[in-house]
Amino acid sequence: MSALLKKDWFGLGLVLIFGSILISLFKPAFISPFNLYVLMLSVSLMLVVAMSQMIIIAIGQMNLSVGAIGGLVAISFTGLMEVYSMSILPAVLIGLLIGLACGFINGYITVKTGISAFIITLATLYIFKGMNLGITEAQPFYEIPEAVKFFGNAKIFGPIPYLVIVPIIITVLMWILMNRTSLGRYMLAYGNNVQSSELIGISSTKIVIYAHVISGLLAAIGGMLVVCRLQLGTPNIGDSWLLPSFAAPVIGGAILAGGKVDVIATAFGVILVSIISQALVIFKIDPFFVQIFLGFMILLAVFINRYREYREERRTKVFSDE
Amino acid sequence: MNNKIPNFVKTNQFGLLILVIVFICIFSFSTDGFTSRFNIYALSRVVALDIMIGLAMMVVILTGGLNLSLGALGVSAAMFGGWCMESMGIPISITIILVLAFGSFLGWINGFVTVRTGVHSFIVTLATMSIYFGFMTLLTEAEAFRKLPEAFTDFGSLKLFNKYISPLLIISVLTCFVLYYIFKYTDIGRKLIAAGANPDAAELSGISVDRMFIYCHMLSGFLAALAGIMLTARIGAAIPSMAGHLGFDWLLPAFLAPVLGGTLLSGGKVTVFGTMLGAILVTLINNGLYLIDVGEFWVRFFLGIILLGAVLLDRAREYFTVKNSIVS
Numbered sequence: 001m002s003a004l005l006k007k008d009w010f011g012l013g014l015v016l017i018f019g020s021i022l023i024s025l026f027k028p029a030f031i032s033p034f035n036l037y038v039l040m041l042s043v044s045l046m047l048v049v050a051m052s053q054m055i056i057i058a059i060g061q062m063n064l065s066v067g068a069i070g071g072l073v074a075i076s077f078t079g080l081m082e083v084y085s086m087s088i089l090p091a092v093l094i095g096l097l098i099g100l101a102c103g104f105i106n107g108y109i110t111v112k113t114g115i116s117a118f119i120i121t122l123a124t125l126y127i128f129k130g131m132n133l134g135i136t137e138a139q140p141f142y143e144i145p146e147a148v149k150f151f152g153n154a155k156i157f158g159p160i161p162y163l164v165i166v167p168i169i170i171t172v173l174m175w176i177l178m179n180r181t182s183l184g185r186y187m188l189a190y191g192n193n194v195q196s197s198e199l200i201g202i203s204s205t206k207i208v209i210y211a212h213v214i215s216g217l218l219a220a221i222g223g224m225l226v227v228c229r230l231q232l233g234t235p236n237i238g239d240s241w242l243l244p245s246f247a248a249p250v251i252g253g254a255i256l257a258g259g260k261v262d263v264i265a266t267a268f269g270v271i272l273v274s275i276i277s278q279a280l281v282i283f284k285i286d287p288f289f290v291q292i293f294l295g296f297m298i299l300l301a302v303f304i305n306r307y308r309e310y311r312e313e314r315r316t317k318v319f320s321d322e
Numbered sequence: 001m002n003n004k005i006p007n008f009v010k011t012n013q014f015g016l017l018i019l020v021i022v023f024i025c026i027f028s029f030s031t032d033g034f035t036s037r038f039n040i041y042a043l044s045r046v047v048a049l050d051i052m053i054g055l056a057m058m059v060v061i062l063t064g065g066l067n068l069s070l071g072a073l074g075v076s077a078a079m080f081g082g083w084c085m086e087s088m089g090i091p092i093s094i095t096i097i098l099v100l101a102f103g104s105f106l107g108w109i110n111g112f113v114t115v116r117t118g119v120h121s122f123i124v125t126l127a128t129m130s131i132y133f134g135f136m137t138l139l140t141e142a143e144a145f146r147k148l149p150e151a152f153t154d155f156g157s158l159k160l161f162n163k164y165i166s167p168l169l170i171i172s173v174l175t176c177f178v179l180y181y182i183f184k185y186t187d188i189g190r191k192l193i194a195a196g197a198n199p200d201a202a203e204l205s206g207i208s209v210d211r212m213f214i215y216c217h218m219l220s221g222f223l224a225a226l227a228g229i230m231l232t233a234r235i236g237a238a239i240p241s242m243a244g245h246l247g248f249d250w251l252l253p254a255f256l257a258p259v260l261g262g263t264l265l266s267g268g269k270v271t272v273f274g275t276m277l278g279a280i281l282v283t284l285i286n287n288g289l290y291l292i293d294v295g296e297f298w299v300r301f302f303l304g305i306i307l308l309g310a311v312l313l314d315r316a317r318e319y320f321t322v323k324n325s326i327v328s
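If you read the sequences in order, they're chains A and B. Numbered according to the numbering used here, the first sequence terminates at residue 322, and the numbering increases by one at each position without gaps. Numbered according to the numbering used here, the second sequence terminates at residue 328, and the numbering increases by one at each position without gaps.
No lab work stands behind these hints, which were simulated from the structure alone. It should be emphasised that the depicted structure is a prediction, and the values quoted were computed from it without experimental measurement. In this text, a Cβ means the ideal position worked out from N, Cα and C, and glycines have one as well. A few of these clues could be false.
Below, computed lysine to any residue pairings styled on SDA-like, alpha-carbon distance capped at 25 Å [as the list claims (entries may be wrong)]: (1) 269/B with 167/B; (2) 284/A with 24/A; (3) 269/B with 149/A; (4) 260/A with 118/B; (5) 191/B with 208/B; (6) 147/B with 161/B; (7) 206/A with 312/B; (8) 284/A with 245/B; (9) 206/A with 138/B; (10) 260/A with 115/B; (11) 260/A with 120/B; (12) 163/B with 83/B; (13) 112/A with 268/B; (14) 260/A with 310/A; (15) 260/A with 114/A; (16) 284/A with 143/B; (17) 269/B with 112/B; (18) 112/A with 38/B; (19) 260/A with 266/B; (20) 269/B with 113/A; (21) 112/A with 264/B; (22) 112/A with 200/A; (23) 284/A with 305/B; (24) 155/A with 39/A; (25) 112/A with 64/B; (26) 260/A with 315/B; (27) 112/A with 305/B; (28) 260/A with 173/A; (29) 269/B with 234/A; (30) 260/A with 300/A; (31) 284/A with 268/B; (32) 260/A with 144/B; (33) 269/B with 189/B; (34) 260/A with 297/A; (35) 149/A with 234/A; (36) 269/B with 115/A; (37) 206/A with 315/B.
Part of the chain B face toward chain A, derived, beta carbon under 10 Å [unchecked claim]: (38) 30; (39) 122; (40) 126.
Use the sequences and the hints to build the structure in full.
Right, dumping it as structure tokens:
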């Protein structure tokens, strides 16, 4: 039990459970099948996006181009199917390849030049978004195969959508990557301290490029999932990802300096953000409040994390005095 | 060291100056309208704003941080100004003072939270960006203030120097000189740089680093509010969407100008005139791309490529200067 208490996600989990119970007591509509279905859809999409940012936070960097990659892949995916009447599987593969290439460009330039990832991904954000607008001329693609539409809207049973399968697989894989593989541990070591990780023989080139490639792939998957959900490929997919992509890992307790991320806590962060956004809608609160609320949530999470660090510091001091 | 080449040639301000001249030559020969009175006037109005936004970002980069809330903050301040003038009927001069104070206050919030939590200002300003913009949209109900005093809007469309230059540009250039003076010759300016360059050493030599960081954020808020007022004067109305969703349209010029100008992202170095040249270069390229007619949708793509090219060039320049100085 005490081991459980120490986990990043434990507090968040409690907040989630009590919060949901409280909301459903006031508004029973909250646990209606339709609402749960909408909730799961929004969680599914944001989970992938959050993971895409989380892996970059793990190595102590930021990726501003997550949304731009998602958007570029989304319109390529739909464009290939509509204009070149490609079948679904090759279109998905090419979409993933584009995501991989975008991530590789980010990682390669960042690690080879030593320029901050923030600036590099700001530049590539404009490049990818510019390509997106240049190709589509801001026009959406509407012709989506029925199978894709089905995957985006059908339910397995009860309120559970098919769409939820992908994020669950990704979350499990990410958990294994970060907790059970040497690559994941190396990433955290690199994020914690670049110099010492190089001294023990970790190749920065490899770590940074791998992290960005995974981030690009996840952003690509996120973009394609949004296409399934919306049933069309619009150029503005991904425009609004930046804030939520950072919100979930930060609320989940990832320290932005790198070296510490928690996959489960990030997942809880996503669920928390989605539940709150949903609750604000159910209580008929102005949608602009959702944005303000998200901002305050991030600040609150930041303060709580700071307080916990402070408490931990004090505790370790007491031990060293003994 | 080879002393025959003056030091100025090795700085990236010099490289920027060359680039600016090269681009002016290219655009004036390859396009018709570039040197027309109308285009130069239009350029001066845009440059004025880009310089101010760049400076607002520069003073936060000095601390090794970033200010994502720049656009949201500037627009919020501008909307506050519009409300003061239109709904409250407050005179222009007092409104400007109130707006600048309001901007500084929002900047203070950014600085205070950053310093107290010890979290990177990226996350803090990401959060405040959505908070400021959200509150602004709620309070104004996304309505613009269009009935501003004529004296105010006339100033924005005034033409000076044989109708070539907008007075807004003069404000920006003056601000550059004032900032240069502050950072170069005043006690507080040197303390700000010291705090950014090496916080531990600054703390040990008796400078309150936290306070200096908060000052930097306040200065950033002040300059962003000034940019907001200038944009309002230029458009002739205070519109919630004038800097795009969440003020994102300001972010690229805000980062381009100081980064091109040679401001270190790790903090501790400011280049006021480098930022000015950077802003001029960005505006030139943007304007030139439209005149060459690359297509509206590809402009962003080329801006991204140029930012990437510029930082890579800067890196190469650094590399070669280091190599040269070792060899000789």
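Going back to the hint list, which numbers does this structure go against?
As far as the earlier hints go, 1, 3, 6, 9, 12, 18, 23, 26, 29, 31, 32, 38 are violated by this structure, in ascending order.
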